[in-house]
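Please construct the entire structure, taking both the sequences and the accompanying hints into account.
Okay, here's what each chain looks like letter by letter:
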Amino acid sequence: MDISSWDGTLSSSDFCLAAHAFTEKWKRINPVLPPWSWVPRPKSPWLASHEEDHDEKSHKGNEEPNCLGKDEYIDNATLVQSYRQDVRYFDFHIVYSASYRVPVLYFRTYSSDGQPLLLEDIEKELPGNSTNVLMESKWTFITQEEHPYLNRPWYKLHPCGTSEWMKLLFLTDPSLGGSQGVPVELYLSSWISMVGQAVGLKVPLEMFNKRKE
Amino acid sequence: MDVEAMGREAQKYVWEGAIPLQIHLHESEVTTLPHPSPALVLAPRMGYLPLLLPLLKPHFSSTLPPGVDTIWFEYKGLPLKWHIPTGVLFDLLCAEQERPWNLTVHFRGYPGNILTPCEGEDSVKWSFINSLKEAAYIVNGNCKNVMNMSQSDQVELWHSVLNGNMETYQRVSSKLKLEKVGDQYVGKPNSNLLKSRTNTGETDTGGPVKTGRIPVRLYVWSVSKDFDDLEDAPQIDSWDQISYMNRPVEIHREEDKCFTLRDAVKALLPELFVEKTLIDEEIPRIELEEESRAPSDDESNTRNEEDVEEKQGENVECCCPSDDAETKLKLVRIQGIEPKLEIPFSWVVNNLMNPEHFLHICVFVKVPQAKPLPHDR
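Chains U and L, in that order, give the protein sequences. Counting in the working numbering, the first sequence runs from 1 upward without gaps. Counting in the working numbering, the second sequence runs from 1 upward without gaps.
Note that these hints are calculated values from the structure, not bench results. Among the clues, some could well be false.
What the hints assert, rightly or not - Derived pair list, reagent style DSS-like, types lysine-lysine, alpha-carbon separation capped at 30 Å: (1) L:K175 to U:K167; (2) U:K167 to U:K27; (3) L:K266 to L:K177; (4) L:K177 to U:K167; (5) L:K144 to L:K180; (6) L:K144 to U:K167; (7) L:K76 to L:K225; (8) L:K12 to L:K175; (9) L:K12 to L:K180.
Unchecked claim - Covered stretches of chain L, going by a simulated chain U footprint (3 or more residues, C-beta under 8 Å): (10) 102-115; (11) 136-150; (12) 246-254.
All figures in this text were calculated on a predicted structure; none of them were measured in a lab. Beta carbons: idealized from backbone N, C-alpha and C, even for Gly.
So this is what it looks like as structure tokens:
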């Protein structure tokens with residue numbers, strides 16, 4: 001794929017590749033942080049379970065996988081005011097959108113007693129630059145929509161601007177690709193460096209190191 | 001009547017289509033005696049349930065407990081997703097289409113852990129425009145046309161949906177240049193449809209690139225126990241029983257071959273079309289199955305549950321010896337119709353799609369009696 005004619009999107013099979021590369025790298029570089037795991041789309045009930053292998057190969061491109069990660073954030077502000085430590089749980093899912101042909105970040109957040117937290121509360125606790133990213137960017141806004149597979153409301157970073165800023169990112173960053181084309185393996189790391197900012201998800205710098213071990 | 005005229009008829013039929021609803025207030029919200037009678041309303045197929053609030057509130061207001069209204073609906077205990085068009089909900093949840101459709105309305109106690117929040121007409125409008133943008137992105141590779149709509153056009157478009165006004169809708173939406181799908185029947189080459197997958201956004205002629213992708217939302221309801229009559233179909237008591245696929249269909253053109261509705265369903269659900277599965281296209285109506293089964297049904301007369309699977313082997317719908325591992329496509333329903341699968345997909349899309357430019361397809365499938373599959377949550 002030549003970068004200059006690339007439109008910033010990727011196919012679902014490329015997403016598979018990118019996701020596996022991302023998951024591996026994350027595990028390698030951040031053994032301490034909660035890992036990402038690849039969760040295939042809940043199987044269509046009409047496929048008998050013994051056909052699982054056949055499934056993976058023949059439905060390449062039909063798989064719409066989730067990546068599940070957990071990050072634990074301790075809310076320091078509440079430490080000061082209350083007597084008890086409030087722990088916030090975040091679940092992040094990266095789901096491929098067949099419509100926009102890009103990954104989409106879904107997340108939910110809840111306290112230790114399972115009580116879901118409101119977006120306004122989350123935004124208050126985000127580090128300063130996150131709210132800036134959200135406010136200033138016409139490309140990033142958070143909506144509450146149904147999770148594509150879990151039939152529950154989750155927060156979602158809207159994907160309609162993703163392809164544009166991914167293209168921009170790859171064009172302007174010389175360390176990403178260049179004349180060799182778009183390195184699919186780096187797509188997710190780069191993508192998450194952008195969207196992560198909007199939701200306070202920290203991505204370690206080593207994730208952007210192209211060197212393969 | 002030529003194909004074009006038939007298409008216009010179909011569109012009119014769909015736009016004017018309405019579901020008769022009999023709406024009961026949930027008893028927990030009834031504070032007066034006697035209980036209020038149910039409200040009878042005609043809900044537009046292309047509309048959305050929360051938009052019925054202005055009709056329902058006056059009917060029930062005198063009996064509601066104090067508080068703020070957050071309207072939501074349920075059907076036999078299943079909370080209804082408000083962002084799905086009313087007609088689609090009816091087609092999907094009522095296998096045997098009951099008329100009037102009996103629903104329960106709530107004005108309190110919104111189940112925020114199950115349903116995404118709905119703050120009245122604005123939420124519904126946002127969801128509609130959002131879907132329209134998504135459809136535009138699928139068809140054109142970008143949503144500029146929707147984003148650049150003038151405020152007055154957007155208002156007019158939304159009102160045309162609210163009021164079920166097809167003429168206004170068609171006039172305003174034509175400005176969006178979401179062109180009709182090329183008719184594969186008419187052999188004229190439509191190379192625009194087969195542009196490469198890389199969307200460059202602009203062609204030499206300056207117009208948007210047609211990606212050849214059609215916005216489709218597919219709802220698959222699968223049951224492990226077969227049923228002959230729709231009225232015997234089991235109840236859907238959780239949305240987890242329905243597989244939802246929001247995936248565009250890419251039209252592949254072959255020489256002299258029409259891309260049919262069957263091809264589209266096959267593209268989305270390839271696993272339903274392995275050799276063992278046969279779809280009865282000659283007799284789409286389930287009732288006719290019974291008539292044709294009778295003469296061939298001389299092997300087993302007992303109709304207990306275990307035999308049902310074996311018996312399928314003798315009916316017209318499947319000519320191969322059946323076993324427990326058989327999957328069967330029972331029904332394909334679009335806008336309340338069960339179209340023949342041979343119909344050109346382009347015709348189906350152009351005439352049966354919803355105003356947000358998505359074609360909603362409900363599919364009923366009978367699945368093998370396999371052990372339950374693990375679901376990762």
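Going down the list of hints, with the structure as the test:
1. L:K175 to U:K167: Holds, at roughly 29 Å.
2. U:K167 to U:K27: Holds, because 27 Å separates the two Cα atoms, which is no more than 30 Å.
3. L:K266 to L:K177: 28 Å, holds
4. L:K177 to U:K167: 26 Å, holds
5. L:K144 to L:K180: 18 Å, holds
6. L:K144 to U:K167: 17 Å, holds
7. L:K76 to L:K225: 20 Å, holds
8. L:K12 to L:K175: Holds - the C-alpha atoms of K175 (chain L) and K12 (chain L) are around 20 Å apart, at most 30 Å.
9. L:K12 to L:K180: 16 Å, holds
10. 102-115: Contact hint for the segment 102-115 of chain L vs chain U: holds, 4 residues under 8 Å.
11. 136-150: holds (count 4)
12. 246-254: Three-residue rule met by the segment 246-254 of chain L, so holds; n is 3.
Consistency note: the structure conflicts with none of the earlier hints.
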